[in-house]
Structures are given as structure tokens and as C-alpha cells.
Amino acid sequence: MRFVEEYRDPALMRGIADAIVRRATRRWTIMEVCGGQTHAIVEHGIDQLLDPAVELLHGPGCPVCVTPLETLDRAAALAEEAGAIVCTFGDMLRVPGTRGDLFSVRARGGAVRVVYAPLDAARLAERTPDRAVVFLAVGFETTAPAVATAARWARARGLGNFFLLVSHVRVPPALEAIASAEDTRVEAFLAAGHVCTVMGTAEYEPIARRHRLPIVATGFEPVDILEGVALAVEQLEAGETGVSIQYRRAVRPAGNPAARAILDEVFEIADRPWRGIGVVPGGGFALRSAYHALDAERAFPLLAARAPVTEPAACRAGDVLRGALRPPECPAFGRACTPEHPLGAPMVSTEGACAAYYRWRGAEACA
Amino acid sequence: MCLAVPGQVESLHDDAGLRMARIDFGGVYKTVCVETLADVAPGAWVLVHAGVALQLLDAEAAAESLRLLAEAARLGPTP
Ligand code: SF4
Chain A
1 MRFVEEYRDP
11 ALMRGIADAI
21 VRRATRRWTI
31 MEVCGGQTHA
41 IVEHGIDQLL
51 DPAVELLHGP
61 GCPVCVTPLE
71 TLDRAAALAE
81 EAGAIVCTFG
91 DMLRVPGTRG
101 DLFSVRARGG
111 AVRVVYAPLD
121 AARLAERTPD
131 RAVVFLAVGF
141 ETTAPAVATA
151 ARWARARGLG
161 NFFLLVSHVR
171 VPPALEAIAS
181 AEDTRVEAFL
191 AAGHVCTVMG
201 TAEYEPIARR
211 HRLPIVATGF
221 EPVDILEGVA
231 LAVEQLEAGE
241 TGVSIQYRRA
251 VRPAGNPAAR
261 AILDEVFEIA
271 DRPWRGIGVV
281 PGGGFALRSA
291 YHALDAERAF
301 PLLAARAPVT
311 EPAACRAGDV
321 LRGALRPPEC
331 PAFGRACTPE
341 HPLGAPMVST
351 EGACAAYYRW
361 RGAEACA
Chain B
368 MCLAVPGQVE
378 SLHDDAGLRM
388 ARIDFGGVYK
398 TVCVETLADV
408 APGAWVLVHA
418 GVALQLLDAE
428 AAAESLRLLA
438 EAARLGPTP
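So the protein lines, in turn, are chains A and B. Counted the way the numbering used here counts, the first sequence spans residues 1 to 367. Counted the way the numbering used here counts, the second sequence spans residues 368 to 446.
If you are wondering where the hints come from, they were derived from the structure by calculation, not from laboratory data. Beta carbons: idealized from backbone N, C-alpha and C, even for Gly. Some hints could be false.
[What the hints assert, rightly or not] Computed footprint of chain B on chain A, listed as stretches where at least three residues anywhere in the stretch have a Cβ under 8 Å from a Cβ of chain B:
id, stretch
1, 135 to 148
2, 168 to 179
3, 219 to 229
4, 258 to 271
5, 326 to 334
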């Protein structure tokens, strides 16, 4: 496929990796902040190609992984206790909640549907006016415009039975939190390309300045990632900091203003709990007051009365998401925790770092 | 989750108040929402995620960066 195949050329990958290894005068520590990048890195062995020159840390770039246990329990309650049709992305169905995952909710008779597009959930609401339809809205700034588009459409159509259970997260505050941590080892970030496709790069400038880091908006194919690392290493070697763009075919400095306008109309920045990390100031989006009628948290009183839940202690997802622990170092990895019997979200999500190691390194990672 | 797929706009239409486009993803066709693009015409390459277009792809920037990369990696031009 155009814009894809040419970025998977093994000879080009090796050429760039060799150039990075030649350029580096010491070993640098760089964090990538997108689960899609993490999977590409582990699948194509980019970390191994770069090993002499760069240590790659995997960041919190998995929206499914950082969705609080509580939110999953709320979605389950809406399906099982409120009789709502809960729609969400396929990735969410196998994430363990307190009483099992959304698949088990469905097995117990709850209405849980997988949709490809949030608009499909809004259209379902229009077709089933006698049922409440709730979209469990997870994702970074990449995904929020699609949800905002559905919210705008539902409001314009006057749908009274379409709701959003919002758990959207924002990338820049997470980078700020990681860079501010006292024990941080991160010397440069590869920012998630599709988040920057929507938002542009301005939000990263103050982070780069404050922490004197290179931040490179980087794509997802192996050649993209290697080029992003090459740009970061070049800046590190030259003692330069600041934001640059590797993923130029899709990222402009101002992002996509039309998409940002839709996002801004529907959502405002809010503090949000990240699973395994805690409440991140400004770490997500919440519906603006004009859209409160669509807010499932307000529309369903049964959600307000719920007791707080605690995370299973065995799962080290918080450390994995901060890049402090490599998945194979988790004592449960490949033993108590596998994709078939996951203890935590990073083992099930297609973007989770634990799933990446299990899928692409398997026994090798366990050894 | 942030996976987005490149495709080429075949045609545009309106559906229940939304600007939509039929997109060719290497022979597989899907209808996606283009409310998120200020300006789009048939033939344009777009990046699609969760049923909406995130951005127009810049084919010139793509070709140029591949050429520069190939040079930097001392491989000569890619075919
Ligand atoms: S391997 Fe399993 S238990 Fe360990 S951090 Fe990953 S998801 Fe959690």
C-alpha cells in the first residue's frame, strides 16, 4: 500500500540504524510514546539494531492500558444494570475489569457491541430510539475528533438516547509528568505521530524547553521510527533541544485546525486518572457544558453511587507505562499473565507493551 | 489505537448533514467522515482513523524525505 510499504524496506532500515550507531558517541536513552511504535520496535527488532547507540524506553502510549478499572466497571454496569447498549472499540473488550472483561458482560447477557467508528454508535442510537446507547470513548487526541464528530452529529439530530462515557487522555501532560520525575532517565522523546497530526507540535515546545530535551514527532512504520531516532540522536549529539517533525507527510506544526475546532467545540481539558499512574493534571478531556446532556456520568445516577475499586497488586502496569520496568522484568510476565489470561491491560491491548513482547519475543523474552 | 490508514478519496457526498467520502484503501472501499478536513477533493490522499479523516497526506514531503533518507543511509535512490 502506498505510504506504507516504502517505510518497511529492510535495507533502508539497516542503513539508517548503522548511520545512527556510527554517529553516537555514547549510548542515549530515548522514549517512544505510542503503543503502535512500541509494537513496530519490538516486531522489527529496532531496539536490537540500535542497541549499541540507543536504549529505547516504552512510554504510556496505550490509551486502552491507561483507562481506569473503574471506567470499565462503569461500562459493565451500564450494560448489565441500566440495560444500555454499550459500544466501544474492539481493543477494549478483553481488558480485565473487577468482574471480568466486557466479553464476559456480553456472555452474561449485557449488550456490548464493537464499532469501528464512534459515528456508527450514534447511528445505532438513531435506529434504536427506545434503547440508551453509550459509547465508551477512550483514546488520545487522535481519536477524540472522531468522538467529537459523533457528539456534534447526535446533538444536531436531537438524539436523546446517545451518551458518552468519556475517558479520553492527552499526551503532553503525560510527557511532562515523566520528564519531571526525579528518577527519569529519558533524554529525548519520540512523540506520537497521529496525535501531532491532529494537534500539531506547539504543546511540546514548553516541555522541550523546560526539560532541555529533543522531542521528535514520529510516524509508525519502522523507517519512520528509525528516522525519528536519527533526528533525536543528531540533536543530542549536537547538544540541541527543541521540537522537530520526522513524520512530515502527516504532521504540520499547527496540526489539523478543522479537526481541532471540532474537538474544542465538544471537549475541554480536564484532570484525568490514568490507570497505573494516578490523576494527571490536564491529563484528559471532558465534555463541555453544551454537551452535558450526552454525558453518561450525569445521565445515569447508578454511576454516582459506586464504591471505589482497587487495582490487582500483581500487575506492574504502572511501572511498565512509565518506562521504569521492561515487560519481561515483570514477575507475572508469561507466567501468571498471558494474552489468554491477562492480569493487566498492557498484556491484551494491541498497543500494550507487555503484549508486544509476548507476541514478538515470546519465549526469548521470558528467558 | 492510534493506528491510522492511508487511502485515496474517490468521491464525496453528504449523508444526514455530514460530509462523507468514499475512500479507496488499496482496493478495499470504505465510507468515512471528512468533516475534519477544511478542504478535500477526489484524488487526495488522506489518513483515516476511527471513521474520520485526520489529515491530508503530503505526497511531496513523503517523496522528498524518502530520497534524503536513502542518501543518508548511503543506499542510493530507492526505486
Ligand atoms: S506482564 Fe501482565 S501483570 Fe505484568 S505488567 Fe504486564 S500486564 Fe501487568
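Taking the hints in turn, this is what the structure says about them:
Proximity of the stretch 135 to 148 of chain A to chain B, defined as three or more residues with a beta carbon under 8 Å from a beta carbon of that chain, is established by the 8 residues found. Counting residues of the stretch 168 to 179 of chain A whose CB lies closer than 8 Å to any CB of chain B gives 0, so the stated coverage by that chain is violated, three being the minimum. Look at the stretch 219 to 229 of chain A against chain B: 3 of its residues bring a Cβ nearer than 8 Å to a Cβ of that chain, three or more, so the hint holds. Counting residues of the stretch 258 to 271 of chain A whose CB lies closer than 8 Å to any CB of chain B gives 3, which reaches the minimum of 3, so the coverage claim holds.
Proximity of the stretch 326 to 334 of chain A to chain B, defined as three or more residues with a beta carbon under 8 Å from a beta carbon of that chain, is not established by the 0 residues found.
Taken one by one, the earlier hints fail for this structure at numbers 2, 5, listed in ascending order.
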